[in-house]
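Enquirer: Here's the letter readout for the chains.
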Amino acid sequence: MELPTQTFRVTRADLVRYAGASGDFNPIHWSDRIATKVGLPGVIAHGMFTMALVGRAVTTWAGSPDAVVDFGVRFTRPVVVPDTDEGTEIEVNAVVKEVTEEGLTRLDVTATCLGEKVLSQARATVRPAR
Amino acid sequence: MSLDPSFVGRSYPPTAPYQVGREKIREFATAIGATDPAYHDPAAARALGHPDVVAPPTFPMVLTMAANRQIIEDPALGVDYSRVVHGDQRFAYTRPVVAGDELVCVNTIEEITNRGGHGFLTTRTEVSTAAGEPVVAVWFKIVVRGEA
Numbered sequence: 555m556e557l558p559t560q561t562f563r564v565t566r567a568d569l570v571r572y573a574g575a576s577g578d579f580n581p582i583h584w585s586d587r588i589a590t591k592v593g594l595p596g597v598i599a600h601g602m603f604t605m606a607l608v609g610r611a612v613t614t615w616a617g618s619p620d621a622v623v624d625f626g627v628r629f630t631r632p633v634v635v636p637d638t639d640e641g642t643e644i645e646v647n648a649v650v651k652e653v654t655e656e657g658l659t660r661l662d663v664t665a666t667c668l669g670e671k672v673l674s675q676a677r678a679t680v681r682p683a684r
Numbered sequence: 195m196s197l198d199p200s201f202v203g204r205s206y207p208p209t210a211p212y213q214v215g216r217e218k219i220r221e222f223a224t225a226i227g228a229t230d231p232a233y234h235d236p237a238a239a240r241a242l243g244h245p246d247v248v249a250p251p252t253f254p255m256v257l258t259m260a261a262n263r264q265i266i267e268d269p270a271l272g273v274d275y276s277r278v279v280h281g282d283q284r285f286a287y288t289r290p291v292v293a294g295d296e297l298v299c300v301n302t303i304e305e306i307t308n309r310g311g312h313g314f315l316t317t318r319t320e321v322s323t324a325a326g327e328p329v330v331a332v333w334f335k336i337v338v339r340g341e342a
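As given, the protein sequences belong to chains A and B, one line each in that order. My numbering applies: residue 555 is where the first sequence begins, and numbers increase by one. My numbering applies: residue 195 is where the second sequence begins, and numbers increase by one.
Here chain A stands alone, though its shape is the one from the complex (with noise of 0.2 angstroms):
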């Protein structure tokens, strides 16, 4: 079963602030002038980040805030965010992969930036809500 798209936009205000309740205040987040120095096209989004927002879908789909009993990404491609006020945007999809024998739901996520899979192997597994 496939679950709805949710999309999420990504500004450098979002990242400034993340750094700041995160305490990840690598320069690579907020200044193009080091991330260009170290390969990148320019500000990338914490990988972090990227992952709280597909844990945000993740708990809507699931109809509850604590219901994650288990979540895993992989990394695969930064998140490069413009300074622009419309920053980028990221599609979280997700399928139903199986509703095991006690009620838990095992799901997998896929991320994406301007078309591209920024996240690989990314799975949930979720209770179901109270």
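Note that these hints are calculated values from the structure, not bench results. Bear in mind the structure is a predicted one, so any value in this text is a computation, not a measurement. Note that beta-carbon positions come from the ideal geometry of N, C-alpha and C, so glycine has one too. Careful: at least some of the hints might be erroneous.
[As the list claims (entries may be wrong)] Here are the simulated EDC-like pairs of lysine to aspartate or glutamate, each with C-alpha atoms no more than 16 angstroms apart in a straight line:
hint, chain 1, residue 1, chain 2, residue 2
1, A, 591, B, 341
2, B, 218, B, 235
3, A, 651, A, 662
4, B, 335, B, 305
5, B, 335, B, 282
6, B, 218, A, 578
7, A, 671, A, 645
8, A, 671, B, 282
9, B, 218, B, 246
[Unchecked claim] Covered by chain B, according to a simulated footprint, are these stretches of chain A (three or more residues, beta-carbon under 8 angstroms):
hint, segment
10, 568-574
11, 594-604
12, 615-627
With chain A held as given, fit chain B onto it using these hints.
Expert: Below, chain B alone, put in the same frame as chain A:
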């Protein structure tokens, strides 16, 4: 860069307890745009059976990233942090993190491989309460890129 595979299995001393604050959870939830009341309002969290506000699923990274510095900055292992790229991330929950938790991290090096001139390091962090109740296991895999 090459990482010494003999470090596999090494565990580090438990970290100092991290106090999970209600405002920190709210701040983190706000930063990721998570508006569910259970992340912000203790009454909404209690309605779900939790003692206080619940943390979003990736919140434990706030403490495990700091805890992982034990490994990343272990001079004997010699990771060059400027060459580090985040590879994989996984959380396996016993229960959600909630405000009021006092959490301790125990880091273990689970896997080291070297291929194509790059080093691959997987750490496992067992996050439990100071009283010893398991909460979440966190896997963090990094790639230490070789010289171009």
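Enquirer: Next step is simple, just say for each hint if it's right about the structure.
Expert: Hints, verified against the model:
no., hint, verdict
1, A:591 to B:341, "holds (15 angstroms)"
2, B:218 to B:235, "holds (13 angstroms)"
3, A:651 to A:662, "holds (6 angstroms)"
4, B:335 to B:305, "holds (9 angstroms)"
5, B:335 to B:282, "holds (5 angstroms)"
6, B:218 to A:578, "holds (14 angstroms)"
7, A:671 to A:645, "holds (9 angstroms)"
8, A:671 to B:282, "holds (15 angstroms)"
9, B:218 to B:246, "holds (12 angstroms)"
10, 568-574, "holds (count 4)"
11, 594-604, "holds (count 3)"
12, 615-627, "holds (count 9)"
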